[in-house]
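Enquirer: Respectively, the protein sequence lines represent chains A and B. All the letters of the first sequence, read from the start, carry residue numbers 1 to 140 under this note's numbering. All the letters of the second sequence, read from the start, carry residue numbers 1001 to 1306 under this note's numbering.
Please note: incorrect hints may appear among the correct ones.
[Claimed, not checked] Which residues of chain A face chain B? A few of them, derived with a C-beta cut under 7 Å, are:
| # | residue |
| --- | --- |
| 1 | Met45 |
| 2 | Gln81 |
| 3 | Ala85 |
[Claimed, not checked] Going by beta-carbon spacing under 7 Å, a handful of chain B positions derived as facing chain A:
| # | residue |
| --- | --- |
| 4 | Ile1019 |
| 5 | Gly1089 |
| 6 | Thr1208 |
What the hints contain is simulated information worked out from the structure, not anything from laboratory work. Every value quoted in this text rests on a predicted model; they were computed, and no experiment measured them. In this text, a Cβ means the ideal position worked out from N, Cα and C, and glycines have one as well.
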Amino acid sequence: MKQELVLQTRNGRRERLELGMNFKEPEDQNKGKPILSDFLDDESMVKIIQDFLNEIPHRIETIESHFDSGNKEQLCRIVHQLKGAGSGYGFKIITTNAQALEKKIRLAEDAWQKTASKARENLVAILYRVYAGRNISGQA
Amino acid sequence: MVQNKIIPKVLAIDDSELIHRLLEARLQGEDLELHSATSSEEGLQKARALKPELILLDISMEGMNGFELLDKLKEDTGTQNIAVIFISGTDEPMDKVRGLDMGAIDFITKPFDAFELKARVRSALRNQYLMRMLEQRAQLDGLTGLWNRTYFDNRLTQEVSEAKRHQRALTLVLCDIDRFKRLNDQFGHPFGDRVLKHVSQIFSGGRTSDIVCRYGGEEFGLIFPSTNIERGCEVAERLRVAIEAAKWSGNPDLVVTASFGVCDMECLEGDLTPEAMLKLADKMLYKAKQSGRNCVKCAKKKKDEI
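Working from the sequences, and respecting the hints, build out all of it.
Expert: Quick look at the structure:
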């Protein structure tokens, strides 16, 4: 059965996203402890961190599908955005891993998927761990 | 007499929704109004419409990138003085050099620290405020606080062009204080200055949309946007009466008067230019002086002339 994710954008618009086979529940994927935001006690950040976490399945899905279909440009774009935003939401580890993946993709030529495969796995694993932390007190 | 804007507008242009939410959360509570655009095209449009004090600009965007957008902003006279801070995920020194050389005032690397972001935005807004104040000061008349001749010339050109584009009415009034030299000679220059200041106050107490300038010496230029000649003449007559009725302490019997020349766009022959408008208003002012002073002379509309 396909899963669905409902997002509320900044301007109040609701978007319904369908998740495909690439997203699995964190229990199956999670190989480490859940990761929590550094800004849990910052009231002005609570709402946007919550939205960020809710959107992680969609981001994993997008990363995997662009990677599988060889869409280098779009993959770079989403990874670049995660690099820029990760620390801002209190997840430095996302920025570090997204930066590593972006570098691999940009530097590699034809065989970029092979070169970047490990870095992609690392980033996705981190995203699963961040997502796994969503139900921990103060974050959801 | 000239109003300053109170809350500065900041426009964030970035194709990442994540960054917009972050900026909104982090700049909450700052003394500014935050607007957002998620593409460079939308950003350019909003920059032209909003004329913000500051733009926070991403470099890497689909379509037009941040550098290309900055180029467009600098080409346009309406947007070229907006302060721009690049907020970018790139940490390439050459990108920073390029951005700053192109006219950006600062560069913030993503991911950014919230305190640093706020401090840099505050600093940019402070500088922008001072720049605008200097710009404004350079266009103000020191004695009366009204706009000066430079401002009048630029503003009249702008208003004529707007009136033509939107087919709106526009009235121009030239006013000259009668026998001003005699006042100066008889009561001294400090008194002459007092007269100029008081007349300026009378003019500034009119409608908020009116643009009141000291044209030079004892002459004033008043631009009335969206106002036809009939209404313009009524306003001029009211101002004339107010000047005539003013009481001068120390000289209770003194009556100061002024003459007015008025025209609107529909009174012009041939090209609708600021020069033609000025020439006609001046001609009407001359007529008012010739008719014994202390009166308002209004030009006729072309269609009403026989």
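Enquirer: Are Gln81 of chain A and chain B close enough, Cβ to Cβ, to be under 7 Å, as the hint says?
Expert: holds (4 Å)
Enquirer: Classify the hint on Ile1019 of chain B as holds or violated, based on whether any CB of chain A lies nearer than 7 Å to its CB.
Expert: With a minimum Cβ separation of about 6 Å from chain A (threshold 7 Å), the hint on Ile1019 of chain B holds.
Enquirer: Given Ala85 of chain A as an interface hint, is the shortest Cβ-Cβ distance to chain B below 7 Å?
Expert: Holds: closest Cβ of chain B sits about 4 Å from Ala85 of chain A, inside 7 Å.
Enquirer: Minimum Cβ distance from Met45 of chain A to chain B below 7 Å?
Expert: Where the cut-off is 7 Å and the nearest Cβ of chain B is about 6 Å from Met45 of chain A, the hint holds.
Enquirer: Are Thr1208 of chain B and chain A close enough, Cβ to Cβ, to be under 7 Å, as the hint says?
Expert: Where the cut-off is 7 Å and the nearest Cβ of chain A is about 33 Å from Thr1208 of chain B, the hint is violated.
Enquirer: Report holds or violated for the interface hint on Gly1089 of chain B, using the least CB-CB distance to chain A and a cut-off of 7 Å.
Expert: Constraint on Gly1089 of chain B satisfied, holds at 4 Å.
In summary, the one numbered hint that this structure violates is 6.
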